[in-house]
Each structure stands twice: as C-alpha cells, then as structure tokens.
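A.B. asks: Below, each chain spelled out in residue letters.
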Amino acid sequence: EPEVTQTPSHQVTQMGQEVILRCVPISNHLYFYWYRQILGQKVEFLVSFYNNEISEKSEIFDDQFSVERPDGSNFTLKIRSTKLEDSAMYFCASSERGGEISPLHFGNGTRLTVT
Amino acid sequence: KQEVTQIPAALSVPEGENLVLNCSFTDSAIYNLQWFRQDPGKGLTSLLLIQSSQREQTSGRLNASLDKSSGRSTLYIAASQPGDSATYLCAVDLYNFNKFYFGSGTKLNVKP
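Going down the list, the sequences are from chains A and B.
2 is the number of the first residue of the first sequence in the numbering used here; add one for each residue after it.
4 is the number of the first residue of the second sequence in the numbering used here; add one for each residue after it.
I should point out that these hints are in silico values taken from the structure, not numbers from a laboratory.
Keep in mind that a hint or two might mislead.
[Unchecked claim] Once the Cα atoms are required to be at most 35 Å apart in a straight line, the calculated DSBU-like pairs of lysine-lysine come out as:
| hint | chain 1 | residue 1 | chain 2 | residue 2 |
| --- | --- | --- | --- | --- |
| 1 | B | 45 | B | 110 |
| 2 | A | 43 | B | 4 |
| 3 | B | 4 | A | 84 |
| 4 | B | 45 | A | 84 |
| 5 | A | 43 | A | 58 |
| 6 | A | 58 | B | 110 |
| 7 | B | 45 | B | 71 |
| 8 | A | 79 | B | 45 |
| 9 | A | 58 | B | 45 |
| 10 | A | 43 | B | 71 |
| 11 | B | 71 | B | 110 |
| 12 | A | 79 | A | 58 |
| 13 | B | 4 | B | 45 |
| 14 | A | 58 | B | 114 |
Computed from a predicted model, the values in this text were never measured in an experiment.
Use the sequences and the hints to build the structure in full.
C.D. replies: Quick look at the structure:
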C-alpha cells in the first residue's frame, strides 16, 4: 500500500540552526500537511498546502516556518532558526482531495531535538 | 476554539472483550471526524472517517458513531486482541481543510 515517507527519522540540531524536514507524499495525492506533537501533548496542525501555495496555517506557523514543494515528489518543512520549544515529532500527511471525504495519511514522523 | 476530549485516558482489558472509547468535542459544526491509531514511535494510521452527514462507519471489528448535535463520537472495538494495543486518537475537522483538532488519546492495553 502506498505510504508517506519522511526523512530523517531523527534530527538533532543546535538552537539557532536551520533545519529542513523532508517528506514524500503519496504520489496521486494533491493536498499536503504538516502536524507536530510535542512530547506528552496533543497532535497540532501546522499548515496545509495545495496547488503550490499554503491554504491554511495555524498560529504556531510563524515567520520561522516555511514549506515548499521543490519538485514533483518532495514536500519540505523548514525551520529557519530553531528554538528549544521546537523540539517535537513532526508529521507529514497527505490526502487525495481536501476535506470531507478524503482521509489523511500520515508518515512515521521526524523527531526533532533542539539542544 | 475547538476542544476535543477523550475518555478514558488509559484502558486495560483482557483479550476478547468488547470495548468503547469516547470522544467529545465542543463545537458541533464539524465537517468530519477521524479516528486514528498511533503505535509508539510511529505515525498515525487512519482507522475510520465519518463525514458530517453520516452517523456511523464500520471497518472489520471497528465501528465508529457520530452524534454531532451532542458533540460525541464513540469507537467500538469488538473482540479485542493484543495487537489492538495502541493509542487511539479522535480528531475533528471544523473547516473542511483537513485542519484537524486532536484529542489526547486513549492508551489501550489488551492483555493476552
């Protein structure tokens, strides 16, 4: 069964450094998302992306964050200057269509540790 | 802001039992509700998606119901097995953008 793949599985970085988290969504999916889960907390929506632009973002997704689909297969999340509080599991997801009738498919996540 | 609550936070049952996991949400104007399973260190696996116009969905031993007016959903697991041990998450989409609000989950342990 097709799946969403994320790399790396674990990333350790120093505070203030830039990180790029990578995702390959399912090939026929058109909608892409990033969610995150801080340890012990709920899964939180960050951003959705369709037709090469952001369609929705949360208040968490400030100017330090950006997303890009640099080619036909990859979807990336960049954090420009990491903070300690950015430490979390970051999940990429994709769906065939938006909303009501199209379930989300998640990757296994990238655990980001900021020291 | 939408708040999603799941009860109980943890549940331990012997193999073979039928069980019910509960989810409640504060804003009933949802587009859909999705139940996910999360295994330790892994991503989320979609189990069932219920559209706002539906009352329930079934997949194998799983049945999810939705009562929008009361802001509740239940996930029923029949004849539980040790392989069902995982955290079960409920999530609601308010805006039809797959912008989900998640509950904290119910951690299920099925004992052999």
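A.B. asks: Decide, hint by hint, whether the structure agrees.
C.D. replies: Going down the list of hints, with the structure as the test:
1. 45/B / 110/B: holds, 14 Å
2. 43/A / 4/B: holds, 15 Å
3. 4/B / 84/A: Status holds; Cα separation ~26 Å.
4. 45/B / 84/A: At roughly 24 Å apart (the allowed maximum being 35 Å), residue 84/A and residue 45/B satisfy the hint.
5. 43/A / 58/A: At roughly 17 Å apart (the allowed maximum being 35 Å), residue 58/A and residue 43/A satisfy the hint.
6. 58/A / 110/B: holds, 29 Å
7. 45/B / 71/B: holds, 30 Å
8. 79/A / 45/B: holds, 21 Å
9. 58/A / 45/B: holds, 24 Å
10. 43/A / 71/B: holds, 22 Å
11. 71/B / 110/B: Roughly 24 Å between the alpha carbons, so the hint for residue 71/B and residue 110/B holds.
12. 79/A / 58/A: Within the cut-off at roughly 14 Å; holds.
13. 4/B / 45/B: With Cα atoms ~28 Å apart, residue 4/B and residue 45/B stay inside 35 Å; holds.
14. 58/A / 114/B: violated, 41 Å
The structure fails to meet hint 14 from the earlier list, while all remaining hints are met.
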